[in-house]
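Sequence order for the protein chains is A and B.
My numbering applies: residue 1 is where the first sequence begins, and numbers increase by one.
My numbering applies: residue 1001 is where the second sequence begins, and numbers increase by one.
These are computed hints drawn from the structure, not numbers from a lab.
The reader is advised that the hints may include incorrect statements.
[As the list claims (entries may be wrong)] Pairs of lysine to any residue residues, derived as SDA-like cross-links and limited to a Cα-Cα distance of at most 20 Å, are as follows:
id, chain 1, residue 1, chain 2, residue 2
1, A, LYS136, B, PRO1078
2, A, LYS123, B, ARG1012
3, A, LYS7, B, GLY1083
4, A, LYS136, A, VAL36
5, A, LYS123, B, LEU1017
[Said to hold, decoys possible] One side only, chain B facing chain A, incomplete, derived with CB under 8 Å:
id, residue
6, ALA1009
7, TRP1010
8, GLN1059
9, PRO1078
10, MET1080
11, THR1081
Positions of the beta carbon are idealized from the N, C-alpha and C atoms, including for glycine.
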Amino acid sequence: MAVRVQKAPFDLGAEIAAFSTGLAATGAIVTFTGVVRDEDGRLERMEIEHYPGMTERALAAIEDEARRRWSLTDALVIHRHGTLRPGDHIMMVATAARHRAAAFEAAEFLMDYLKSRAPFWKKEYGADGAAWVAAKDEDENALTRW
Amino acid sequence: MTLDVLYFAWVRERIGLPRERIETEAATVSALVEELIAREDRYAAAFADLSALRVAVDQDLTDFGASLSGAREVAFFPPMTGG
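Only chain B is shown next, with the shape it has when bound in the complex (with noise of 0.2 Å):
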């Protein structure tokens, strides 16, 4: 499936880009952050300490567990600090 994946903040930062395009059959999204961790350094390092990281699935806030089935877009951030 294609997912378009999205990073924001320092997530962002880290990994050196805003959003991708991505070629996948990962199940949930702990499958796609190994896959995203295997290719390169700097996303390791973006994703080496998940309990600092939030995941949206379709825009609505999930887990790391939630399954990937149909979805269209992923974002990853920081525990955010609106108001």
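In isolation and in its complexed conformation, chain A is listed as follows (with noise of 0.2 Å):
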């Protein structure tokens, strides 16, 4: 179980490479990356603020609960903060069980509620201006279903 707020770029290909070595009681394993989308070219920037030392502990409980709930053998979770450009990987996160359905159920949960409870803000920088991203409603009722 891992959980990692940096600022720095991530490799992909080497944390899933790690994160699948010696899993041998595990039958399935489920990652998700997050990457900035350009917003049809409108998006030149995006600054990533967080709150250190809640944002480990907000992923941490998160991390936590998806591993009891469905009996995790591990789970990673990667968020960048800074700036990010279009086609840059934000975050990742990565999910080890037995079976495919607790893997795939729980990487959603990580990412519903990371999305809503872990202290993180971003601002776009493009061809309109400057402005907060406005939290979606959606993102909240995403968490009614768990």
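Now that you have both chains on their own, put them together as the hints suggest.
Listed below in structure tokens is the structure:
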């Protein structure tokens, strides 16, 4: 189980390779990667702010909850902050479980919760100026299914 | 008591600083917000609509009715947009 909050890019292939090593009891690994969209060419860059300390605590709590609910053999959350540009990888989650249903569900749970419960805020800069990304009702509503 | 008060995203921009140390006897988050609003217009602007804000006490998400007894750090911010 691990949570990492970092400014630097991460190597997706290396992370998945490391995560999937030595998991003989595991039958399924699911990974999800969030990528910065260019918003039809309007986005130049994004600045992601976070709350050091609380971010790590919130992510660890969400990961613990996922591990408990789905009996995961392992989980990983990496989330970046700072300046990101279209095409950059913002974050990834990986889950390992005995069967794929648990691995998929746990990955979705992690995504839903970290969108609305981990203290990150995005500000977009582009052709239309600068604006904070507003939280979406659908993201909050997504939590009700868990 | 002495509290570290932190602001993030547009709350930080409206108030004009990321954190400050405050001497207060406020018993709840709401009472602290009232004190801040009474200080200056920029606080009043930031706290104009509490439904647009979230609060954490000692890095745990809570609500505006939460007690500040024993608290060391309070943070105000808009709804989070991770992922």
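Here's how the hints hold up against the structure:
Under the criterion of a C-alpha separation no larger than 20 Å, the hint pairing LYS136/A with PRO1078/B is consistent with the structure, at around 12 Å. Simply put, LYS123/A and ARG1012/B have alpha-carbon atoms about 13 Å apart, close enough for the 20 Å limit, and the pair holds. A threshold of 20 Å between alpha carbons decides the hint, and for LYS7/A with GLY1083/B the separation of about 15 Å falls inside it, so the pair holds. Among the hinted pairs, LYS136/A with VAL36/A is consistent with the structure: their alpha-carbon atoms are about 17 Å apart, no more than 20 Å.
For the proposed pair LYS123/A and LEU1017/B, the alpha carbon gap of about 17 Å is at most 20 Å, so the pair holds. The interface hint given for ALA1009/B holds, since its Cβ lies 4 Å from the closest Cβ of chain A, which is under the 8 Å cut-off. With a least beta-carbon distance of about 5 Å to chain A, the hint placing TRP1010/B at the interface is held under the 8 Å criterion. Below 8 Å, beta-carbon pairs count as interface contacts, and GLN1059/B has one with chain A at about 4 Å; its hint therefore holds.
This hint holds: PRO1078/B has a C-beta 7 Å from the nearest C-beta of chain A, less than the 8 Å allowed. Against a cut-off of 8 Å between C-beta atoms, the interface hint on MET1080/B holds, since the closest Cβ of chain A lies about 5 Å away. Hint status for THR1081/B relative to chain A: holds, with the closest Cβ pair at about 5 Å, below 8 Å.
The structure is consistent with each of the numbered hints, conforming to all of them.
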